[in-house]
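**Q** So you can see what is in the structure, the chains are spelled out below.
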Amino acid sequence: MMTGTIVEIGGTPVLLRVEDGAIQEVINQRYAAYLTTKPSAEPFELTVTLAPDGVGFQGNQPRVEWREGRWSFEHSDSQAEWLPASGRGWVRQSATFPQGIDSVLRVLHSILLAPKGGCLLHAASAVRNGRAFVFTGVSGAGKSTMAGLAPPDATLLTDEISCIRPVNGGYRAFGTPFVGDLDKAGENISAPIAALYLLAKGPENKIEPLSRNQTIRILMRNTLFFAKDPKLAEALFETACGIAAQVPAYRLIFTPTPDVWKMIG
Amino acid sequence: MNMYIARSRSIAARALDGEMIIMSTSDSMLFTLNEVATEIWLAADGRTPLSQIVQNKVCAKFETGPEAAYADAEGLCRRLAQHGILLISDQPIESAR
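From first to last, the protein sequence lines stand for chains A and B. Numbers 35 to 299, taken from the numbering used here, label the letters of the first sequence in order. Numbers 31 to 127, taken from the numbering used here, label the letters of the second sequence in order.
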């Protein structure tokens, strides 16, 4: 029997129709804080099935293509296709790696957010005093470290992938279930972004302002962007320009001690 | 021989703090143009010869001699064309209209 579960991340609900108990269990655990029965909009619908035994998928890196009105996706653990016009698609999932659905959701959300002026960003983020602080950087820059050092009055939105989109003329960061080294899903809340930080580890804690030009480059470098698609690239560029125009950005050089958070908020 | 220049359609661009930041939508590469290069970029309509652009937009605004300015501008245009964000031709470029 096929069951349905709605996972809503950053105001984008996705109905996952699942036939396999193991995958359903992964969804229930991994996205527990993001399950809803009252989505904020009509959900995008994905039917998730297990691949037959022996069927393998290609690619160490996700391959995403736009062709004839549909997106196709393939990675080592899953294969998917969806039609934006119909709001539906399917996922074929490896039986040996049921959590691979996570890759599909990351790609799907990055593509669904783009035309809305939003993005998924390689960044940790946290809310403090009602304002969100976003910490971006390449792998190893210290995203999970910053998240792990957060004081008790900070609420973690994610230690790995931040969801950012415009709301009422400003930009908000939303919690996501996409985990990094902390292996802990973010809280399902959102807040207006007060600042964006480019992380770099160094001998002392120091904050340096970044120009808007630098901020755009940093955002483009760290945005999840799987598809070589001109329209999508243009949408993400506009998003980066919009964020850079509104959100103050800094280079945050830090030593991995809790003291760094004295400079945040 | 005249050189004509036109902005590619496969780009997205935004003026920021006196500079122009340009993205090639084919490969997402980013380019930042300084003030002088931005003047040339904005005037690249496919119809105005580069020599006239240099005279009107560069020499008139910035203290530079026409020969050196033209040589710099030509080099810039050829580099931008190599990245596919600017079209160059020895004839007016109709597709830019």
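These aren't lab readings, by the way, just hints derived from the structure by calculation. Warning: the hint list may mix true and false statements.
The calculated EDC-like cross-link candidates involving lysine to aspartate or glutamate, where the alpha carbons are at most 20 Å apart (straight line), are [what the hints assert, rightly or not]:
no., chain 1, residue 1, chain 2, residue 2
1, B, Lys91, B, Glu65
2, A, Lys150, A, Glu272
3, A, Lys265, B, Glu65
4, A, Lys218, A, Asp136
5, A, Lys262, B, Glu65
6, B, Lys91, B, Asp47
**Q** If a hint holds in the structure, say so; if it does not, say that too.
**A** How the hints compare with the structure:
1. Lys91/B with Glu65/B: Measuring from Cα to Cα gives roughly 10 Å; hence the hint holds.
2. Lys150/A with Glu272/A: Between Lys150/A and Glu272/A the Cα gap is close to 11 Å, so the pair holds against 20 Å.
3. Lys265/A with Glu65/B: violated (28 Å)
4. Lys218/A with Asp136/A: holds (14 Å)
5. Lys262/A with Glu65/B: Roughly 30 Å between the alpha carbons, so the hint for Lys262/A and Glu65/B is violated.
6. Lys91/B with Asp47/B: Roughly 18 Å separates the two Cα atoms, so the pair holds.
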